[in-house]
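**Student:** Chain A is already provided as a structure; the job is to place chains B and C on it using the hints.
Quick note, the sequences are listed as chains A, B and C, same order.
Here the first sequence stands for residues 1 to 123, where the numbers follow the UniProt record's numbering.
Here the second sequence stands for residues 1 to 90, where the numbers follow the UniProt record's numbering.
Here the third sequence stands for residues 1 to 899, where the numbers follow the UniProt record's numbering.
These are calculated hints, taken from the structure and not from any lab test.
It cannot be assumed that every hint is accurate.
[What the hints assert, rightly or not] Only pairs whose alpha carbons sit at most 25 Å apart, straight line, appear in this in silico DMTMM-like list of lysine to aspartate or glutamate:
1. Lys833/C with Asp821/C
2. Lys77/B with Glu271/C
3. Lys578/C with Glu548/C
4. Lys86/A with Asp724/C
5. Lys798/C with Asp11/A
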Amino acid sequence: MVARHAMLIEDEPNIAEAIRFLLRRDGWEVTTLGDGGVAEARVREQRPDLVILDLMLPGRSGIEILEALRATPDTAGLPVMMLTAKGQGRDREAAERAGADLFMAKPFSNAEFVAAARSLIRA
Amino acid sequence: MKRRSPVFLARRSYRLRRIRDAARLLPVAGGFLFLLPVLWAPAASESRDTAPDGIYLFGVWLLLIGAAALLSRPLVKDSEDAPASAEERG
Amino acid sequence: MPFNLLVLACVTYVAFLFLVAFVVERKAARGAARWLRSPVVYTLSLSIYCTAWTFYGAVGYAARSGLEFLTIYLGPTLVFIGWWWILRKLVHIGRQQRVTSIADMISSRYGKSNLLGVIVTVICVFAATPYIALQLQSVTLSFGVFAAAGTYGWAMPDTNSTALWVAAGLTLFTILFGTRNLDANEQHTGVVTAIAVEAVVKLLALLAVGIFVVWFVASGPADIVARIHASSISDWELVPSRWAGFTLLSGAAVITLPRMFQVLVVENSDERHLATASWAFPLYLLAMSLFVVPIAVVGLEVMPTGANPDLFVLTLPLSQGQGALAMLAFLGGFSSATSMVIVASIALATMVSNHVVMPLWLSLRPAQSVSGDVRRLVLLSRRLSIAGVLGLGYLYYSLSGGSSALAAIGLISFVGVAQMLPAMLGGIFWRGATRNGAIWGLGIGFAVWVYALFLPSFGPGAALPIDVFMQGPFGLDWLRPYALFGVQGMDPMIHALFWSLTLNTTAFTLGSLFSFPGPVERVQGLAFVNVFDTERAEPQGWVQGRAEPEALLVMAQRILGDEAALAFFEAQAQAQGKAGYLPDPVPEFLDALERRLASSVGAATAHAMITELAGRARVTVADLMRMAGETAQIMEYSSQLESQREELTRTARQLRDANEKLTQLSVQKDAFLSQISHELRTPMTSIRAFSEIMMEGDMPPEMAANYARIINEEAIRLTRLLDDLLDLGVLENGTVQLNLKLANLSELIERSLRAASHTRPERSFTIQRDLPAEQIFLRTDPDRLCQVLINLISNARKYCDSAQPELRLVVRQRGARVIIDVIDNGTGIPRDKQSLIFEKFARLTDQMRAGGAGLGLAICREIMVNLGGSVSYLPGQGGAAFRVTLPLRLEKSPHERAA
Chain A
1 MVARHAMLIE DEPNIAEAIR FLLRRDGWEV TTLGDGGVAE ARVREQRPDL
51 VILDLMLPGR SGIEILEALR ATPDTAGLPV MMLTAKGQGR DREAAERAGA
101 DLFMAKPFSN AEFVAAARSL IRA
Chain B
1 MKRRSPVFLA RRSYRLRRIR DAARLLPVAG GFLFLLPVLW APAASESRDT
51 APDGIYLFGV WLLLIGAAAL LSRPLVKDSE DAPASAEERG
Chain C
1 MPFNLLVLAC VTYVAFLFLV AFVVERKAAR GAARWLRSPV VYTLSLSIYC
51 TAWTFYGAVG YAARSGLEFL TIYLGPTLVF IGWWWILRKL VHIGRQQRVT
101 SIADMISSRY GKSNLLGVIV TVICVFAATP YIALQLQSVT LSFGVFAAAG
151 TYGWAMPDTN STALWVAAGL TLFTILFGTR NLDANEQHTG VVTAIAVEAV
201 VKLLALLAVG IFVVWFVASG PADIVARIHA SSISDWELVP SRWAGFTLLS
251 GAAVITLPRM FQVLVVENSD ERHLATASWA FPLYLLAMSL FVVPIAVVGL
301 EVMPTGANPD LFVLTLPLSQ GQGALAMLAF LGGFSSATSM VIVASIALAT
351 MVSNHVVMPL WLSLRPAQSV SGDVRRLVLL SRRLSIAGVL GLGYLYYSLS
401 GGSSALAAIG LISFVGVAQM LPAMLGGIFW RGATRNGAIW GLGIGFAVWV
451 YALFLPSFGP GAALPIDVFM QGPFGLDWLR PYALFGVQGM DPMIHALFWS
501 LTLNTTAFTL GSLFSFPGPV ERVQGLAFVN VFDTERAEPQ GWVQGRAEPE
551 ALLVMAQRIL GDEAALAFFE AQAQAQGKAG YLPDPVPEFL DALERRLASS
601 VGAATAHAMI TELAGRARVT VADLMRMAGE TAQIMEYSSQ LESQREELTR
651 TARQLRDANE KLTQLSVQKD AFLSQISHEL RTPMTSIRAF SEIMMEGDMP
701 PEMAANYARI INEEAIRLTR LLDDLLDLGV LENGTVQLNL KLANLSELIE
751 RSLRAASHTR PERSFTIQRD LPAEQIFLRT DPDRLCQVLI NLISNARKYC
801 DSAQPELRLV VRQRGARVII DVIDNGTGIP RDKQSLIFEK FARLTDQMRA
851 GGAGLGLAIC REIMVNLGGS VSYLPGQGGA AFRVTLPLRL EKSPHERAA
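For reference, chain A alone in the conformation it holds in the complex (with noise of 0.2 Å):
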């Protein structure tokens, strides 16, 4: 079985490095992205099956690249999960107005977080 491939763009380096150790723990190859304003071609280039969006991002937001992303019909159907330590509600509005297929605040657990995952690549 080819490994999933799973593209992060997150600038907390740590978060990062968290995030990293969970799904290559879970069988999945990890691509790790710490600037917004690359992100969106990294992700045409590389074709991901599954995105992690931090919602902050230096560059370039992650709500303005989600929305890149869905606007191109190759990119429509890509599974997204956004990230954000905001957690407001606001805030999960905008990213689901915006497309995303999952919203997962921080902190979060991390069975919770892999089980995500792997969810939005089977659906």
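**Tutor:** Same frame as chain A, now just chains B and C:
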């Protein structure tokens, strides 16, 4: 933004306007009085008239200074009260 | 009287004037000079109208042509008692437009045309040169009188070297006190007060000689009248053309002479002083002329025939054995000469530097930017101009031989400066007057003056060949200098006056009627002619500019000096309701800035400089018409609706303000909570994730150690955040306990630098400090102040992106406040971010997470508020710059005081 100035004025403003008129007229009167010797000097050619002429000129001069001093007081107050209000329409 | 004693007296007198000027400048700098700017000082300073020409020359004039000398004082008398007509308007315009000289005024009125400024400057220099020569001559002659009368076998000193010494001494005095600083208003309080003292001296001297003559030589007024009858002066007959002509001429000269314009308009500190001067100055003139005829009559009678009547004021007391009186008279004459030369050279130097040197520099400098300290250039050019003007005067003196009668030279100058009358009066009373008209009028008037009066004054055959006098140039009979257009038999002076002013006025009028003014000209024409009409919304000379405020600030700093420019920008920003130092480049601001600059370098130069920075954002004629249209419309409606609308607007504004405040508070609260949530959740996420991973056990020890380290790091970050938040809360509530004590600022800075050096220790900074200036003892909370300084210095260490990073710490004490500037040489903070950086959680680059939660500057700001001071961003310093201001002695915390 008051563009229309009233046609008739209270006594005080009326007085002030006439004082301004007087201040404008003063140099005209002074010029006339200073030029007066031009009219009578050549006529009285033989008589020795430098001293009386001098006394006349200094007299007029002093008079004008006194008048200017009297006028300057209300005019300063005027410009303090209303800095240059309704100026050239008086 | 020994000659040495005379020199000693002169030197002592000048030293005394130095002292007066110096003390006054000091007082003025401390703002304690209110009484020095009284109407009396103003009136006395106007007395530079009475130069040595009056002091010595009037008696000579009277001895030659009887009462005609009075015309020179009657003209100014009429102008002053008629102040409501011209002077009031002139002074008002001068103050409103911050005019620096007569050339500036005319150039400013006609569209800020520098060409006009240059023309007027040239005319003034030409006209003033003989006049300055005249002063040198009179001082030299008076020295000569004493030398000749000396009983100590003192040979007549070399007159030329005396004149040279006098010129050099005056240059020194003028440079020292006329160009000490490039004052904002171009006012010289010290010099003006010294001039006022000299005015008293010369009046007292002349009155003393007069009283001596009337009551001690003659036996009272009646005797004098008798003597006048007997004297040859009574043979004088009034020449109507000269009588009327000279009255007009002197009236014109009193407002157009550069030195008179300087004291009358530029140095005026309060328009109300003019009301006093309107009668007091004529009174001064009257007192100066009162004893002229008696002195002349008695002099002619007592002195040997052939004695120079120009020096009777001096020789008469000497011949009567009154050495002390003669000395007083000498000092009077000396005062008249020196005061005129000082003010005239200051006025001319201002013109030369503003209208010749600055424009040249502007067009010749290599880069478009304004670099270097322009103020030093301006001051230097003024100093050189003063030396140049006095040098020209000396040259004229030594070339002309100083032989002609004093009165003639003075009148020649008068006719020269009178050429500016049409352009000036036309400019303030006639909106139709244009630049082209003024150029033509001035040019033709000046040419006629040079040809018909100035050149012939050197004598037939000297400057103009004799044939030209007899047959006219190229045999053109109708162009003879003394008989232009074949008009013969006129007095040469009246002839030149008549033709120059007539042709000047005609050219000015026709030129104005047939040319079309540019937009700036029309704006300025309206501003000058309707200067009292304050109700009219004055159209601005600028449309919304594209100028970068920071570039404007840099330029203003070069011209006005750092402190003055920052203060001006801060005030303007405040007026716009903005914090900080950078107002928006709206037309009002550009206008104000231009005026402020104009007061230093003249309107034309200031205008050119701003135009350069503001690009082509100039008004056009169409803009003007649109603005005028809008104004008219608004006026029509507003007269009816004014009161109700104002009421409504007021209420609406109050409601809006209240609503805005509430909304803002709510938005701020939401944003703050959201930010806190974010800042707390981020470290929590790592902690939770890694702790869960570790709880599962079963991992290599080095990995576990690594994850534990991360957990620990994030926990510390959380603690720091909470500390900062608590600190901020305490500071904002004002419940902070300040620990006030005396501390040496230098030590505090030292401490802060040491503490901050832990931030990015790998970078080595060049630190510039001024240790002597730092020796200030502050009463404040030293730990809190250090906290601010450490924060600012650490920020510089973190964010300064220069390859050779530098940190400058500038400390200044201003009264009871201390200013500390922390300046680095990086790219600084972009303008749109400058207002944000003091907000909580503001971080400019997210890459720099290590620095904390972005609360540092917010805390700094709150600390400074608690210390009774402020911290702000200082734009235009060539890097990021922060200014900390705090009181020298903080007694209680501001909150306690308020409580």
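**Student:** If a hint holds in the structure, say so; if it doesn't, say that too.
**Tutor:** A quick look at each hint next to the structure:
1. Between Lys833/C and Asp821/C, the direct Cα distance comes to roughly 19 Å. Compliance with the 25 Å bound is thereby established for this hinted pair.
2. With a C-alpha separation of about 12 Å, the suggested pairing of Lys77/B with Glu271/C holds against the 25 Å cut-off.
3. Between the alpha carbons of Lys578/C and Glu548/C the distance comes to roughly 16 Å, so the proposed pair stays at or under 25 Å and holds.
4. Annotation: proposed proximity of Lys86/A to Asp724/C holds, straight-line Cα distance about 20 Å (limit 25 Å).
5. For the suggested pair Lys798/C and Asp11/A, the alpha carbons sit about 19 Å apart, so the restraint of at most 25 Å is met.
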